[in-house]
Every structure is written in C-alpha cells, then in structure tokens.
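On the provided structure of chain G, position chain C as indicated by the hints.
Residue numbers (numbering that gives the first Met the number 0), protein chains in the order written: chain G, 0 to 351; chain C, 0 to 351.
In short, the hints are calculated from the structure, not lab data. Everything numeric in this text was worked out from a predicted model, so none of it was measured. Glycine is no exception: its CB is placed at the ideal position from the N, C-alpha and C atoms. One or more hints might be untrue.
As the list claims (entries may be wrong) - Simulated crosslink set (EDC-like; lysine to aspartate or glutamate; CA at most 20 Å straight-line): (1) K351(G) <-> E8(C); (2) K236(C) <-> D164(C); (3) K351(G) <-> E20(C); (4) K351(C) <-> E344(G); (5) K351(C) <-> E51(G); (6) K351(G) <-> E9(C).
Unchecked claim - Distance ranges between label pairs, derived from CB positions: (7) G147(G) <-> T310(C): 43 to 49 Å; (8) D71(G) <-> Q306(C): 36 to 42 Å; (9) P213(C) <-> H146(G): 53 to 59 Å; (10) K351(G) <-> G177(C): 28 to 34 Å; (11) P228(C) <-> E178(G): 50 to 56 Å; (12) A286(G) <-> R74(C): 56 to 62 Å; (13) S252(C) <-> S6(G): 21 to 27 Å; (14) A323(G) <-> A322(C): 50 to 56 Å; (15) A13(C) <-> A293(G): 34 to 40 Å; (16) P234(C) <-> W333(G): 27 to 33 Å.
Said to hold, decoys possible - Where chain G lies over chain C, by a calculated footprint (3+ residues, C-beta under 8 Å): (17) 10-19; (18) 222-236.
There are 2 protein chains.
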Amino acid sequence: MDKLLNSLEESRAALTVVSHEPFNAEAPPEAFESTVTPTHLHYVRSNFALPEHDGKLNIGGAVGKPLTLTLDALRAMPRTELAVTLECAGNGRLGQTPLPVGEPWHSNAVSTARWAGTLLRDILASAEPLKGGTTVCFAGADRGTYHGHEDVHFARALPIEQALDPAAQVLIAYEMNGEPLNADHGAPFRLIVPRWYAVASVKWLTHVNVLTAPFQGPFQTVRYIYDWPDQASQPVKFMLPRAKIVTPVSGTSLRPGTYTVRGKAWSGTGPIVSVEVNVTRGDSWQAATVEPPADPFAWQDWSFTWQLHHTGRHTLRARATDAAGNVQPEAPRWNRFGYGNNAVELIYVQVK
Amino acid sequence: MDKLLNSLEESRAALTVVSHEPFNAEAPPEAFESTVTPTHLHYVRSNFALPEHDGKLNIGGAVGKPLTLTLDALRAMPRTELAVTLECAGNGRLGQTPLPVGEPWHSNAVSTARWAGTLLRDILASAEPLKGGTTVCFAGADRGTYHGHEDVHFARALPIEQALDPAAQVLIAYEMNGEPLNADHGAPFRLIVPRWYAVASVKWLTHVNVLTAPFQGPFQTVRYIYDWPDQASQPVKFMLPRAKIVTPVSGTSLRPGTYTVRGKAWSGTGPIVSVEVNVTRGDSWQAATVEPPADPFAWQDWSFTWQLHHTGRHTLRARATDAAGNVQPEAPRWNRFGYGNNAVELIYVQVK
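Just chain G, same shape as in the assembly (with noise of 0.2 Å):
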C-alpha cells in the first residue's frame, strides 16, 4: 500500500490539483508540447474514491454466452494501439459565466496518449449480444453516493450499434504510453471511446451489460447532459471542435519581431480542417497551418506566424472548424452544469 502511495504520489506530483478526494488534476503546460502526452502530465478525472478492482471483467446481461476476462485473457486476444484525444465534458467550465456547479476546470482538461488493448467489438462479438440489445453498459469498479443516489457504481452505456461500429474502434484498453495502466487511469482496464467525451471512457472496468432498453443511470441522465436555459436537454456525448494556443501563454511579455504562435485542435465530429486567427483590431480571420491528422482520434498540431511590430497589448484568437463542418463559437454557449464549452480561446500578450 505505501508503494502504490508512494507512487501514486510521483504520478501525481506534476498536475494541477483541482480535487484531492476524488483525484482530479489539469495537465500542466509542458503536457502540450508533444503530441502524446506523457503518463504523468495526463490529467485526470475521478468521479469517486480510487477503487479496490477484483481483476475481473464480466461480460453479461442480453448475451447468449457470459464471459469473465482477465488481464491475460485480454492479453491474450488481438491487440489495438490507438491514439486517442481525451477531453473532459467540463473542461472550460470556469470560462462559464455564471459560473456553473462542477469541478472548476480551466482549460487543460485534456491530453493524449497511445492506449493500447483488446477491440471492445471482438470481446461483445464473442459473447454472442442476443437480438433485443439495443444498450451497451460500462461499469466501473468506483462508487458511491452521487446527487441523492446512494452506492451507485461508475456507469455509462452506449448504444449498441456505436459499440459494435468498426469505425468507431472501442477499446477495452489495459496499456498506456506502453506501460499497464496506473490506479488514476483506472487499473488494470478501462475503456476508451475515441472522439466522445471522456465521461464515455469508463475507468476501473468491471461489467460490460447488454441492455434491451435505454440505461438511466445518474451519469447517464442526471449529470452529463447539455441542461439548456432554452431548448431540451440533451446528452454530452461527441467532442465539440476546439482550438487550444499552447504558445505564447496569455499574459506574458515578448520583444516586437515574429513570433510562432502555436497549438494543438481536436473535434469528435471529424479532423479539423481549419484553424483561423484573428490578432488585434483584425476585422478579419486569418488561415493557420494545421497539420494533416497523423492518428484519427488525436488533436492536430497548427501554427501561425505572428508579427508583432508595435509595443503594447496584443490579442490573438483561434478558432476551428472540424470536417463536419462545425466551428467554434465566439462565445461559451451556457448551460447549467458547464459542458462543452468550446468557445474560441483569446490570448494577449505585451510586447516591451
């Protein structure tokens, strides 16, 4: 136990503590400079205490063959390396005005890294789903009381068709930048849903169920839905398109000359096909270079040559638009419990 602690305290040592107890942390800047992010400047988000996990996955509910797995079992079956852009749903949620109730996450609440496992297809597929399953459902070893729900596991589903999509590559992921996962990553397997929220990426796997009607779970109806002021609530699901300025950092200051502002994209709805900028009393957006999407599920690295001849106060935006054809908004779009807030980032800078 003082092991794990122990190194459950090095792995933690480089992040931005937003909760102790549940552990949940920001990246630190440095976590941008690459494109994978490396294990210990991932954040993390825990919705409970960590979890004591049995080492097993039971496969079950609609299934004409249940099946419990192991860590070599999973092991033992084919494996898939992906890269995979993971964002918070309430990453921004302090950009929100008024503020919304959540964790107050700024906007590193996000990170990339390999994972590596078994295709959630093939392990669904060898249970043999019965016809009725419409619901996939995912739990988590993690749990107790959330919102007036007392002792409820970690839980969210998706639905069947999107598990079982070729395309859409679930995995049921039991490595990391190619290492096992550690305890705040969720040990010894997790989900991974690419281009969805993170929420959908369940951690301390223990149950997959398929269900033959929709799955009501308090994360799955209670907390996670875009709750509008004016229109219908609707569920968090897909990442909405973002454009992140790694480099300059806000605030600081910079000799006049040309600089290379620089930075990371991503959506769920597709790669990012553009990002513009618009720099001080620009009337207009300007193209920046982003780089083709090296892995399908992971954010684009972009520049922008940047002139800065005059001293004073300097101002840049960035905004992106995915393949989809979705665009950031100018301005956080509200909603009750701050998801999705994809507004476009404004930096300045003095220049001396």
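Chain C only, in chain G's frame:
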C-alpha cells in the same frame, strides 16, 4: 522636449501598456494596495496623441459673459480637493465574448487620485449661462480622425443641470495627488466628473461651451454608447457597481490556512452597501466586510476571511451592491463596443 520625454518615460514605466500611440495603459497590480493610487501607477486613457495646449480655458457659447481663464486665474479661485475613482468605460472589455472592438482592456483601467481644482459650477456661474442653455460641452486640445470624422477634437457634453449641480462636484482640476497635472493626465487642466465613467472627464481642456441643443460629437454619439443587441442604444454615463478582488491574485498557489481576501468596490450610483462572496462549491453568497466610504466619490475597501482547508483548486467570486440597489450581474452584458462590463469577478487559487 527631451525633458518632457524623459519625464513621460519615467511616469509611464510602471504601467502595463495597452497602446503607445495614443498612450493607453492599465494600472499594475500594486496600484490597488492603497486607497489613493500614486500618480505613476494611475491608469491612462487617451484617444489621440498628446496635444499641445496654449494654457487657455475658454468659457463661451450661450453665456452672458464669455471668459478666458489661465492656470493662474483658476488657482486664484476657491480650491476644492476630491478623491475620485475614475474607471474607463471599456474596462473589462477582454472579458466580453465575442471580443468587442476597442482597446483590449483587461480589468485594471480603474484608479483613484486626489484631484484639486475649481468647481465647474463657480466658473459657469461667473460666465452667466443664458436661459436657453441645456447642455455644456467640454473640448480638449487633443484631436484627430475618429471613426470617419476628420480632425475632431475630443469633446464630451453634460446636461447643464448636472454641470451646475452642487452635489455633482464637477471639477476643473489642475492638481493630481498634490502635484500639477502631468501630460498623460491632461495638463494643464482637465475636467473631473465624479461618478461618471472617465470618458466624461475631458483632459487637456480648452473650451467649455454652453449649448442650446444636445451635443452630437462622435465621442457622444458614435462611441461611448451601449449598443445592445436586443434593445435601443443608451449613452454611457455612471460607473456601474463593481467589486474588484485585489488579493489573492488569480492562479496563485497558497498553503492551507486562513486568508484575508481584500478588494475595492465602487459605483457611480451611490456608495457600496454590500459585497458578497461565493466560495468553491458554495451554494450561497456570504457577506464581506465593507468599509464605509471615506470620500463620497472614491472606492471602498472590503475584506473577507477565507478558510482554505482542502488542497486543490478553490474559486472565489465577489459581487457588489450599491445604495441605489444596483447589483453586479454574474455574466457580462455584451454590447458592441464592450462598455460597462461589471460582471462578477471570479478568481481561483491552488492550495498545496
């Protein structure tokens, strides 16, 4: 000229420059440690380059006795000294989304100085305004092209009742914090209009004209109006209530313990009667301690004891209410030119 430039450079060195030509600069954080802002830490707002001033103040228009006054003549009249909080109407513009046009002010375009000079109403009385006079127009020596208007002087107007109102205490000031005005603050004399956004306090004053019709200059009608998306435009007048959090600074790291949050609060529509704060996960607003106004036109100090027992991120918001019952909104009220953003301020700290 070299001496003027050297002295200008000195007087500007501690400020956070927004633009150099014309010179616009915010107060640095240390400017908020005292009630009266030292002159070299007072924010500066200019619409045009520094003008030449011929040393004459002309009182004319619809008056019985036009006057020309010099600095010596003003000094020979009864002297009034007032501590006045001036705030740029665009203060907080960077917090509005979409980003409005205009200087990119963050939140430090507000300061308090002791201004001494001659009461406007005494000067106006001696010029004997005619019965039909409804408006008093104030022009500065600064001039230039402004939003399509060529070679206009900076000029603003007040209703004549306001200009003559003994309670309004409108001042023609020739001293700031016990010294003659410097170039950036309107030497040799300027208007000081307590309670109004500082656009009313015309610098480098040359002409005071009584008009018999509303004034239609571009600083009265093209800018410095609230151009709302959903209702008729309104002129920018009185400062809206606002509580500023001075310490701790947002984003800083603290040890667990008890902290005294300190801030300033002000309003153009009466003294501040309450400041409330809302802490992380707090579902209610708690009263801060507000000092009574030491001067009727200057900001007030407020403080709050903050218990920071848990490690992680803590947020704090502060909200002021004035004697007229005006209270800060939680979300900025967006308008096309980004004026009057008095939304509740949010800070966060990392407790380690």
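Practice problem: Return the numbers of the hints above that this structure violates; sort them in rising order. | Solution: Hint check: 4, 5, 7, 8, 15 and 18 fail, others pass.
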